[in-house]
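> Listed below are the residues making up each chain.
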Amino acid sequence: MQKFIPSLLVAAVSVGLTGCLQSEKQAEKVEFNKNPYPSTYKALPQQTTLLRNATVLTGTGERIEQADVLMIGGKISQVGKGLSAQGAVEVDASDKWITPGIIDVHSHLGVYPSPSAESHSDGNEATQPNTSEVWAEHSVWPQDPGFNRARAGGITTLQILPGSANLFGGRGVTLLNVPSHTMQGMKFPEAPYGLKMACGENPKRVYGGKRVSPSTRMGNMAGYRMAWAEAVEYKNAWARYEADYAAGKNPEAPKRDIELDTLKGVLDGEILIHNHCYKAEEMAMMIDLSKEFGYHAGTFHHAIEAYKIADDLAKNGNCAAMWPDWWGFKMEAYDMIQENVAVVDAKAGSCAVVHSDSGTTIQRLNQEAGKVMYRANENGFAITPEKAITWITSNAARSLGIQDKTGSLEAGKRADVVVWNGNPFSVYAQAEQVFIEGAKVYDRADSKYQAVSDFSLGQQ
Amino acid sequence: MKLFKSSLIALALASTVANAQSIAITNATVHTMTEQGTLTNATVIIDDGVIKAINPSDVSADTVIDAAGKILTPGLIGALNQIGLVEVGAVSRTRDSSEKKADITFDVSSAFNPKSSVIPYTRKGGITTSIVAPSGGDDMFKGQAFYADLTGDFDSIVSTNTAAIVSLGAKSRGSRATTIVELREKLTNAQEKLAKAKDKKSDKKDDKKSDKKPKDSEIAMNRILEGKQPLVAYVDRATDILALIKIKKDFGINVVLAGAGDAERVAEQIAEAKIPVILGAINNLPSFDALNRSLVTPAKLFDAGVKVSYAVSGDTHNLYMLRFDAGISVANGVSKENALAAVTSNIADTFNIDAGRIAVGKRADLVLWSDDPFELSTRVERIWIEGEETSTSSRQDALRDRYTAKSDMPRAYVK
Chain P
1 MQKFIPSLLV AAVSVGLTGC LQSEKQAEKV EFNKNPYPST YKALPQQTTL LRNATVLTGT
61 GERIEQADVL MIGGKISQVG KGLSAQGAVE VDASDKWITP GIIDVHSHLG VYPSPSAESH
121 SDGNEATQPN TSEVWAEHSV WPQDPGFNRA RAGGITTLQI LPGSANLFGG RGVTLLNVPS
181 HTMQGMKFPE APYGLKMACG ENPKRVYGGK RVSPSTRMGN MAGYRMAWAE AVEYKNAWAR
241 YEADYAAGKN PEAPKRDIEL DTLKGVLDGE ILIHNHCYKA EEMAMMIDLS KEFGYHAGTF
301 HHAIEAYKIA DDLAKNGNCA AMWPDWWGFK MEAYDMIQEN VAVVDAKAGS CAVVHSDSGT
361 TIQRLNQEAG KVMYRANENG FAITPEKAIT WITSNAARSL GIQDKTGSLE AGKRADVVVW
421 NGNPFSVYAQ AEQVFIEGAK VYDRADSKYQ AVSDFSLGQQ
Chain S
1 MKLFKSSLIA LALASTVANA QSIAITNATV HTMTEQGTLT NATVIIDDGV IKAINPSDVS
61 ADTVIDAAGK ILTPGLIGAL NQIGLVEVGA VSRTRDSSEK KADITFDVSS AFNPKSSVIP
121 YTRKGGITTS IVAPSGGDDM FKGQAFYADL TGDFDSIVST NTAAIVSLGA KSRGSRATTI
181 VELREKLTNA QEKLAKAKDK KSDKKDDKKS DKKPKDSEIA MNRILEGKQP LVAYVDRATD
241 ILALIKIKKD FGINVVLAGA GDAERVAEQI AEAKIPVILG AINNLPSFDA LNRSLVTPAK
301 LFDAGVKVSY AVSGDTHNLY MLRFDAGISV ANGVSKENAL AAVTSNIADT FNIDAGRIAV
361 GKRADLVLWS DDPFELSTRV ERIWIEGEET STSSRQDALR DRYTAKSDMP RAYVK
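Chains as they are written, first to last, in the UniProt record's numbering: chain P, 1 to 460; chain S, 1 to 415.
Hints listed in this document are in silico derivations from the structure and should not be mistaken for laboratory results.
Remember, predicted model here, so these are calculated numbers, not experimental data.
Treat the hints with care, since some could be wrong.
Said to hold, decoys possible - Some chain P residues close to chain S (C-beta under 10 Å, calculated; not the full set):
1. Ser116
2. His296
3. Gly328
4. Gly359
In this text, a Cβ means the ideal position worked out from N, Cα and C, and glycines have one as well.
Here chain S stands alone, though its shape is the one from the complex (with noise of 0.2 Å):
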């Protein structure tokens, strides 16, 4: 993956080197999404913006936490959402998630607002970092997708160009044959490009043209046949699925299914061809292209042996709930481990990012709940982010305090 902002991190690390404070969490229930498993009564030793150290023999630290009956998870990961691209759905000004001439090449990471007032009502539902994917416009490459945390901080992109996205199944106009159809047709015509040059390469020929820099657009295609990126298609039907399937198998790309309304029906076809899915746990609500979605869907993707990632739908504000829909999906079949690797390493795993699981020398993004980390009565007490601890608080608290509070005077006045 590349790091576009290694340099940036560099600086970050070098001022908080500065000032470092390691941290040690300990007697803490720890699912560790590694072979490890869960750990209790476990210690865990933050340094550097990384993980140092898994039940060390010699707990030293400069701030000692004691979590015991509490637990620790990775820091849960958003997936396919406008988190930093939209402040508010209806206002357009605050918007920009879409682009109508958007092609294969829209990348919307520039558009990123670390401030948005979504991004620390977020954390409150232990979400450390997300996939973002723009939702492009009238073509069927909605853009490129972006991984940012959510510090809040203006270097929050980690990095760019993370998957190309594409939407194909119902159409309100027209046939979804088109689509498939000029899917293959597209990576047909790139891979036949990228055959001649390298044809052209091996040749040695000191010819003009093969220098000729090539579009955008053939370097999007490209990152994708050449393995460096996950192709995410959103799909429902079980013959779009299919189509998929064959795609992957003939171009020899990483394809992620996203939606996936009817993939139970073809839930062995998928494991097969060992194609991650990411859903809408909750989602179980027929449509034409999804008439079997129902809530023991994850259950039955799970058990045919697919790697299955949620993401909430709908809207971005509601993206703080993705812990809450891991656990209906437990209480519709799903084992608690394969529901937080949903939400944590299988998501990770999906867009092969440094997230996801508490091993030495991992990203220190870490939640420390008051209790099992799906449950409503829990919360979470505390959240590091590439080994900062940051809040939880938000506007809609400081809303809470104003209206709450007592004062003789007007509520402007209650700060």
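In isolation and in its complexed conformation, chain P is listed as follows (with noise of 0.2 Å):
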């Protein structure tokens, strides 16, 4: 792999060459912005608005009967009955139901966008298993009708990720499902970022086939434990450089390597693990791999064999992201019952969530976790919409490391808020209003607000 020296680091590391004697001065600390393509979302127009009178589903497992959500400034501000607030744009929302913003936690909107064409297939960096130096955001088009379309399902948040061609596909970034030209400008603030893994059939099919490591699953695991292992020694080669630097010595600090920085931000607790892994035995080695390293092993997306360790990944504090029935178009999905994302959420502790990793089912989460709902239901389970709406709103920013900034309906957080022409868990739901940090971004009933992305503009 090409290593990058960036001219910054050259310099320092020039002026440290003559050693590191505590009577020579210490040169200045070698230190690497960790946010060089820093958001610039800025919130949409937005006014003090009160919806009244609806049946509102909070993402903290509450449901509240003809209740009003009242948003100011941005976040929300009260959630409760016969709300008031001066000079506050009133939406009647008698009959409507009320939850918050719709997360999904597993998108490629932007790096594989509609239309489908070469030029724009930017998900993989299938060049080689460990590509944990790139970063989804520098792929994103931000242009991708599809991010329109899922806003008018009710997502305002989305992690967008690289494929799982590789070991370790690189970083994924989350969004805000805002309109912008610029992926900074969609960019979630202070979100942490994700570091893509994959298990299974994908890697070792795609190197495999080029007569290049990994072939097998074992070949799969020996390539995490490698680059961990190099990780740990990166991390303690820097932890050494700051001890001594911070004891006034004249350290030579280590060789930056922009691979390393994303796993080493992994093990420094700052960088969350997701990971594509389908099976029970392979999530189970994953959690002892992130043991054996010392990190923790994140969420795991596509579980479809999470209902049969349950148990386990509630112990560890994992989440499973899932789909609600989709399975068969390959062995590692060949296990799959519809009631998997209740087996999960049923265990203490644990943090079922549903995905999309779709461009079309994004657009109907609430459907893809009614689905869950009635099926479980159908077969031992009492679960409630109340319930079931946290699996695509606080479960999701649980997972994306954003549950202290959205997710719920809590006073103080962000006012990311979907109005629904009744209850949203119905085959005939649609999102009739949606706000992202308390401006509205999307309204079914006026044009003004159904946002055209340049690529559709225009087009006979």
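Fit the two chains together into the complex; they arrive one by one in their own frames, and the hints show the way.
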């Protein structure tokens, strides 16, 4: 792999070449900007808004009938009955349902956009099995019309991930679903990065086909272990440098490695793992792997067999992000059950999430969750709408490390809100109004609030 | 339609007749999909695999089912999927839908596996039969579709050579122009040969050459030209749809549009040409061939008078979701009756099959739903295929029960 040495580092290193004698004057400390592509998102024009008299699912497991939701200054101010606020825009939401903005933890919008085109196929850097150095945000085409379609389905926040060709696919980025002509304009401020990892069939097929490791599942595991071992050394080297520097010495900084920066970020707890991993035996090993090298195994995506190890996932604090019913497209998706999400959810401390991985179903994650609820309830579960909504709101926020900012309708949180035409778990449900940070970003009844991408504009 | 297994059916019926149990489904809301419309508190009698009576004056049957508060519809019909041909998508040895050298003669029905685990799972969606289509190979013709029921029995195939499948439109290499020209050429050549053969027949010449057996590919082309089977064309862009409309007019053949992403732009012309359309009701992401498709495309086509059917796009394992797609189309402007027709009677009409309606004498493919068939909360309560009640339980249920059971032993002992 090519190693990059930014000029800043070269300068720092050359100054420090003479050694680390304590008497010597310390060179400037070598530090890196961890946020070089910062969010430029600004809330859209918004005003104090009072949504009146709706059935409210708070995202915290509560359901309140005939309740009001008050949004002031982009935050949830209050949720309850008979609220009032001076100068508020009032929306009569009688017979309607209100939920937190929907969050999809697994999307490839922008990196595999529509229309499907070779020129825009930017989701898999399938050139080597470890590409922790690539960042999905650098591939995002913000004009993907899919973002607008998803917003009409109530999606306010989504994580864009690299694909699953590689053991380490690179960093994922969490975006707000606001229209922007730059990626930075959509970037969720202060959301942690994710690191996409992939188990199973995809990496071994992609590289085995090229006669390169990994070509087996044991090859996959070896690839992860070698990478983490190197990352631990890299982390230690930086720790030594920082300790020596703090002790007043003039140490030489380790050579910066963009790939290892990402893995170190995981070891430091700053970057969250998002692991494409279908099978029970593989998830169990990925948990052990994380303990071997000292990080948290994060969220298992497409966790078709999560129901087989639901206890272990809950005990280790892993989220499992699942489809309600996709299966059979490959061997590792053969053991799907329609109650998978419900089985995971039933364990104390669990974190069950419904995700899309699709430009089509991201438009109706509410119904994806609904399918799980109804099928599970036919088979011995007693899941309520106020519970099911957590799979696509608060639990999803927990998976992305933004649960203190969004994912529920609690005072002080971002006012990311959806008004539905009725029960969101109906096949006839539609999002009528969508708010991001208190600003209306979609209105089904008002074309003024229906964004159109540059690509679609002016087409015949 | 050719019922190649008619003798098998006779045998099967003979064996069921011995213990044939007539069934009366009473007090149901019945969506007949015929001129009778929707009947409330209605009775449907099933006997010998067919619908024997609707609302008879005297209800006498071996079994009487009280379906009060429930909905009875024809069994839903899958279209243009690979059920029974693909068990696991990425496992090559379980895939029989494609063949590199496939041409118009590629009849994939002999590969159908009624024991595929996809079949009982699909019954959970109230689907009783399906038009199964090959994926084909490099040729523009992908082969012959066939029609099968989802009983899971070894005699599931109802008919073969149900439709010829052709794929037109955008290409990764070369120009779409060559394909449409080639299709016209093939049809023209076959038409000329057919005309010559007819001339010779009428001349009654004892010419040995005229007795030469036609090639399989010629027979296949002739089926299209003689109106014995429709030509199903995968196509999206409006210009390609118009080219197909012209082909239908010029050759007098039955054309069916599949995909039809850009159809709403030429909806009037499609309706006027009486060409049925099969589409994915929730496909609303643009491609360059389908810049205008949206969730309201089905409603616009219905409004223009097009006979629209729905097919679940993508993986066949998702076929069970067909009813949800229909529901989503209702939320986007299609009437409930039209949406139900799109997954029952319209498909039956498009392929000229005995299904999709509840009428006396029709095959008894029926589904009793707990409520509105499209709603997520609704479930299939009972399902009959050719009059025989079948189950919706599947391998997925067995796995769920295994892993939710209480046991001190490894799960492998829970069966």
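> Against each hint, give a clear statement of whether it holds in the structure.
Hint by hint, here is what the structure shows:
1. Ser116: 6 Å, holds
2. His296: 25 Å, violated
3. Gly328: 4 Å, holds
4. Gly359: 5 Å, holds
Consistency with the previously given hints fails for number 2 only.
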